[in-house]
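Enquirer: Each chain, written out:
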Amino acid sequence: MTIPTQHRVHVYGDDVNTDVIFPGKYTYTLRTPEDIAAHALEDLDPDFVQRVQPGDVVVAGRNWGMGSSREQAVTCLKYNGISTIIAASFGGLYFRNCINQGIYPIVCAGLAPIVATGAIITIDREAQEIIVGNTTFVMPPLSSSVKAILDAGGLVPMLQTRFAQK
Amino acid sequence: MPGYTFVEKVLARAAGVASARAGDILDITPDVIFSHDNSAAIIKIFQQTGAPRLAHPQKVVITLDHAVPAPTTLHAQNHAEIRQWVKEQGIRHFFEVGRGICHQVISEEALVLPGETIFGSDSHSTHFGWLGAFGMGVGRTEMAALWATGELWLSVPQALRVTLNGKLTPGVTAKDIALRLLKDLTVSGGQYRSVEFFGDTLATLSIDERPVIPNMMAEFGAMNAYFPPDEQVFAFLDAKRQRDYMPIFPDKDALYNEEYTLNVADLQPQIALPHQPDQVVSLSEAAGQPIQQAFIGTCTGGRYEDLAAAAQVLAGKKTRIRLVIIPASAEVLKEATRTGVLLTLLEAGATITTPGCGPCMGNHMGVPAPQEATISTGSRNFKGRMGTTDAFVYLANPYVVAAAAIAGEIIHPADVL
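In order, the protein sequences belong to chains G and V. The first sequence runs contiguously to residue 208 in this note's numbering. The second sequence runs contiguously to residue 431 in this note's numbering.
If we strip away everything but chain V, and leave its shape as in the complex, we get (with noise of 0.2 angstroms):
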């Protein structure tokens, strides 16, 4: 009999029972639940159910970070409920405006830790797989359930292996696998499944740039994302940890339905085109470009190390188009302050605005003109995703985001320099 997969052994655990095969169905009672500035809305659902109360208050963390500072009133209406529920049922783990983004928040904080399952009403709850998590994405009504029972069904999935082989070349970027990945397999390449990495290319990844592709398997289509942790992680999780914790890691001759092998040495920079993030070519294809904004942030790319790299770039430089940053978190701009890092990008003509999702799914802070380019570290670049209907994201590495917005067009970073 083969052995487990990852997705296998931590969903069986989960669920409580000796050991879980995929197409399992099974019901789950998770660690950590999730969510954001939906929260007003999975309120009123879970008013509906008809429960009394959260069933683990201590379990849930609310963070406000789609529309902070609120942009509206009606943002801040939302906000507001979300406060007075907070009080009334005693959650502990709530984050304010400006403390940053869900997902990096829950990371920093260190809520979940590896062999843990989270869910989050949020679709880039993958992001979790960078600390050996199991995190899966659910809708507000699948929210409304878990803080009303604790639990949610859930049929165990196939699982990708993915071997990720070589170091990296400077200025090529764990986001540049993530793309790469899903111009070769496309946006349904990991549907329903677990993608599981391996290879020798993990290690030398920093604590940074992991969590971009658990991070950016959403827009794979994968139930979730998994890296093996290791003692970077551990090191990590270790200053902050409240609970101890027992990492999983998949069986040697663990059932694969697929596997997919990239010696990451050769690759070179790449770039999703509108509207598709498998949209993807490599950047001298895509090169000059006009672009009238750059933004860098987000939970996939708005680390302290996307900034670090954006200053490289920038430091001594002057922006010629809009440059929006901003911070994943409180944490990140924290330390780009301590370091210079938030000096030199100002001095070359960003602009900084308050830590959270900002212009990505085209709330606020960065909502592009009609015909207009914007160019991003995010990772999604749908029509109308950042609030226009006829604007075009191109979405790359933060150097690249960086190099655009010093030359107004899409250009490789060494010809900026």
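Just chain G, same shape as in the assembly (with noise of 0.2 angstroms):
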């Protein structure tokens, strides 16, 4: 059983790219998480690196991470403590490249609306809930396939496991 956490969260709109969650520019030469890490979201928040605390939430409107198929949109964020993002939709690419790193994908088209960076949301995931003051929202549920890769803690432990069986 788990118990419901509590998250600070960071509040971005609809539509963001994962040129300004990661630029281009250092995509084939910064390869370490700390270093990938110190650049997350530079072209559009240049504070969150100094804000952000581990087990903090992202939560975005639509199409949150579109664009380039670069795992390091997501890796930037993760080693930032970053665990669960909560969007209202997710570029097709990053929401495969968040399950395979281990990182939650949420879909909720509700929540980035009614909250601003900084607030405090409840996530219980026993119950499938996100709650924030007195609305809840059901989180959808995953496919067996992506529950697998989510419960071995990304695509890579999953792998790990398969091949030391061989």
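Check each hint, because a few of them may be wrong.
Here are a few chain V residues that face chain G, going by a calculated C-beta distance under 8 angstroms [what the hints assert, rightly or not]:
(1) L88
(2) V152
(3) A159
For the record, the hints were derived by calculation from the structure and aren't laboratory data. No experiment lies behind these values; they were computed from the predicted model shown. In this text, a Cβ means the ideal position worked out from N, Cα and C, and glycines have one as well.
Join the two chains into one complex using the hints; note that each chain is given alone, in its own frame.
Expert: Dropping the structure here:
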């Protein structure tokens, strides 16, 4: 059983692209997670890396992470302590990149309009609910394929188990 | 029971099942998997998985294209690690610095064929829809998993049917069709979907123009795109292909969850304004905007006909601003050399650099200064995209980019002739 957890949120709008989450110019030169994390959201929210605390959650509108397939747009948030991203919808590649890195992408259209950066939300994974004030959102169910990867902690740990058994 | 869309059919084939419907989850075994400069990072992930070796080295393609020739020691080190890996793993389809951009090279080499499935660690992998193949982008971790296992899970997407009717007028290109689709349906218009094209326009588009539209469906959020392959495509592939193939066509009564029709006969040149590819206006609305740099290149707009279009506008003229031209491949550069297009461009004042991605994603060879405006035949104009946060990128077809290079501002090509 998991207990509900409280998280501070960082809120963004619609159609946030991967170039502003992690600039393309760094994609072949920055290779450690720490170096990648230092440039998170630098062209959208330059204060983010100073402000963010482990356990915080990113909340966004429609089409979060559209554009490039670059996985660092997830890595840079993960290594700033972001474990969950809640958006009205995700770019298709970004959604998969989240799962593969063990970051839970939650589709929830109603949250971004009613919270501001700094607000506290409650995530109840057991009940599959997000609670803010008097409002409760139900999290959509995950497919078994997605759940298996998230439960393993990401695609690499899942493959490690698979190849260790061989 | 309704018929099947292209994507339902192609993914059923790739999963080895009799049939599939949108929403089904399948384990896909692709025919081709490719990566580029990001292969160095993928190698590191692959090594963490515990996989002993590549599952299918013969399916693997690697091109060096994103930062070539290496602009820094770090980039050079990346390339060196990739070359070493290619040797160790016996990867036959390896393309060196200068051969060209992955999507263009794989097409020219006929490495993927109609009805096949290709995954690339590059979002513009939707490109291969021009051949009637299923092309989809994946992340680095997924590419490592594909190297290790040869398969990937996928949820079969819904499909959007786009019908294009009519013939484009001179000076209007497939780029304008792509921009107009983005304007009408926005950057989330294709989200998670297969965008399947039909209509009498398709047959009028040349081999060089066709990839532009599936390529830019990445900007549309599409999972993949599809053009029904025809005799032009078959003939193009026949010169090079090394295996047989079976094209796939959707059923006439396939179930699409949305339909969109555009008559392209009246279409005028379109421009995407900073900082999003769906902030599209017609050329006349953007005219007069001062421009400091013009760029013709990328997987979207760096093919031979793009260079030839620019040469048509630039013949006998001089550029007022810097014009960077980067052919999408060595083949494109050779063709432009053979026909004299290259000389026309050079005489007009253009600078030509190594085939590859160039400044499109801000690596090198045309990064703008702060506050400068670039007009580009590329596909993305997000804030910071070309490497400078406070710069501005406009997207247009090659005629319009060439005209801007002459005038130093956005202008109709007819006004500089």
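Enquirer: Hint by hint, say whether it matches the structure.
Expert: Status of the hints after comparison with the structure:
1. L88: The hint holds - V/L88 has a Cβ within 8 angstroms of chain G, the shortest such distance being about 5 angstroms.
2. V152: 6 angstroms, holds
3. A159: Hint holds; V/A159 Cβ to chain G Cβ min 6 angstroms, cut 8 angstroms.
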